[in-house]
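A.B. asks: For chain D, the structure is supplied; the task is to place chain W on it using the hints.
This is what each chain is made of:
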Amino acid sequence: MVLQKLEDKLFRPVDMASLAVFRIAFGALLLWDVVKFFVFDWIALMYVRPSFHFKYYGFEWVEPWPGSLMYLHFAVTGALAFLIMIGLFYRVAIVLFLFMFSYIFLLDQTEYLNHFYFVILLNVLLVFAPANRVYAIDALIRPREGPGAHTGPAWAVWIVVAQMEIMLVFAGIVKVNPDWLALQPLLLWLSPQTHLPLIGPLLGETWVIAVGAYGVIALHILGAPLLLWRRTRLAVFVLYVLFHISNHVFFNIGIFPWLTIAGTTIFFPPDWPRRFENKAREWLRAPRAPAGVAGE
Amino acid sequence: MTTQAISPRRRLGRRVIMGLIALWLAFQILVPMRHHLYPGDTSWTELGHRFAWQMKLRDKRARAEFVVHDPATGQQYKVNMLRHLTPRQISKMTPRPDMILQFAHHLADLARARGIENPEVRVTVLASLNGRPYDYLIDPSVDLAAVPRDLGNADWIMPLVSEMP
Chain D
0 MVLQKLEDKL
10 FRPVDMASLA
20 VFRIAFGALL
30 LWDVVKFFVF
40 DWIALMYVRP
50 SFHFKYYGFE
60 WVEPWPGSLM
70 YLHFAVTGAL
80 AFLIMIGLFY
90 RVAIVLFLFM
100 FSYIFLLDQT
110 EYLNHFYFVI
120 LLNVLLVFAP
130 ANRVYAIDAL
140 IRPREGPGAH
150 TGPAWAVWIV
160 VAQMEIMLVF
170 AGIVKVNPDW
180 LALQPLLLWL
190 SPQTHLPLIG
200 PLLGETWVIA
210 VGAYGVIALH
220 ILGAPLLLWR
230 RTRLAVFVLY
240 VLFHISNHVF
250 FNIGIFPWLT
260 IAGTTIFFPP
270 DWPRRFENKA
280 REWLRAPRAP
290 AGVAGE
Chain W
0 MTTQAISPRR
10 RLGRRVIMGL
20 IALWLAFQIL
30 VPMRHHLYPG
40 DTSWTELGHR
50 FAWQMKLRDK
60 RARAEFVVHD
70 PATGQQYKVN
80 MLRHLTPRQI
90 SKMTPRPDMI
100 LQFAHHLADL
110 ARARGIENPE
120 VRVTVLASLN
130 GRPYDYLIDP
140 SVDLAAVPRD
150 LGNADWIMPL
160 VSEMP
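Those sequence lines, one after another, are chains D and W.
Following numbering that gives the first Met the number 0, the numbering of the first sequence begins with 0 at its first residue and continues without gaps.
Following numbering that gives the first Met the number 0, the numbering of the second sequence begins with 0 at its first residue and continues without gaps.
Hint data in this document are derived by calculation from the structure and do not stem from the laboratory.
Every value quoted in this text rests on a predicted model; they were computed, and no experiment measured them.
A hint or two may mislead.
[Said to hold, decoys possible] Only some residues are given here: those of chain D computed to face chain W with a beta carbon under 10 Å:
id : residue
1  : Phe51
2  : Tyr56
3  : Glu59
4  : Glu62
5  : Leu120
6  : Val123
7  : Ile158
8  : Lys174
9  : Asn176
10 : Trp179
11 : Leu186
12 : Asn246
13 : Phe255
For glycine and all other residues, C-beta sits at the position ideal for the given N, C-alpha and C.
One chain only, chain D, in its complex shape (with noise of 0.2 Å):
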């Protein structure tokens, strides 16, 4: 029965490695993000100062704390940010950064950001998911006894697999229209970055902007699907990242090429961490790390 497949490959165990190595992530950049909140004292700029709010529909009851109560948020938030990445109390600290964040989300439009709900639906998938059996606090202070110790199921790492094909292939179908297949925004922005080194004399070429226009539609539509397959998974994996980085290089989208980045990084198998970690000990003539897959 294909219900009965459906359920032994979604609750097959799989090691809990990718997910952790991507949780260490999602951790270090919201507390980098966080931190940059302070820095450039964005809390005020965005939350104190203002004396009327945008809202969401369905929203309007959230209100911002009065001054300086909202750097005392922000602070816990960080904090939150910093237990998730070292995996210490990981199911508290998760549930309760999904609300810190939602609400400073949900505080004002004018700030929203499709990387901050994408932040905010990744959050929710890492709540159910068992992220903290690998690289965590939480497996030193409580370890768990068997030869299953540091598996979960199979879905809490295809969800997030999931979410991200979800998130590429739209971004990647909305470019499909008419001003995007005439090259627009991208002109207009692009064109005007002639004086950055290497690549600016380039950008002056309408060719080089369509390549560009055409190639990232191309990426996401074509590309995402072919992270899925494992012949492919690496070239695509290595185009995302010089992407991403581009994205960086041209406009100020904070943290999200960075997520990205790490997100992709859960379409290799779930062990790929020890592999790694194994490869790197052969390189260095050291013992290998145990391995621990059952199932694999």
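C.D. replies: Leaving out everything else, chain W in the frame of chain D:
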């Protein structure tokens, strides 16, 4: 292997998880497609633009001027947006009809608090999308104070008529 070993209760739990996963995925696929329910260009109207991975699609420049009108006295005044919003909020609001409507309602609330019983709020927004010539984004004749905020189609947003150069 594992399938034979699990109890009926555990099996039920698994099926519930599978149902929740299916529900989540359906939600993830449908929400970004809701812009198809609205007429017009999503980059212009912004209806269904959020939560839909519409990224790096629009270069939109806009300028807005709000006017509050008291029908009882016939008096009207131009709004100095900087008295109510930060420059950052102003630049984010002016190209986005939903935010313009919210601010208009806020202005109406302020006018009521100052004793104007039925304030009318109108706005002139000239916007340029992806290098097109500037055009009206919002119908300048509509009293936005009387327009409810909902998720329906917004006929007070002007259609995108100007052509790409």
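A.B. asks: Look at each hint and say if it fits the structure.
C.D. replies: Results for each hint:
no.	hint	verdict
1	Phe51	holds (6 Å)
2	Tyr56	holds (6 Å)
3	Glu59	holds (9 Å)
4	Glu62	violated (14 Å)
5	Leu120	holds (7 Å)
6	Val123	holds (8 Å)
7	Ile158	holds (6 Å)
8	Lys174	holds (7 Å)
9	Asn176	holds (7 Å)
10	Trp179	holds (7 Å)
11	Leu186	holds (8 Å)
12	Asn246	holds (8 Å)
13	Phe255	holds (9 Å)
The earlier numbered hint that this structure contradicts is number 4, and it is the only one.
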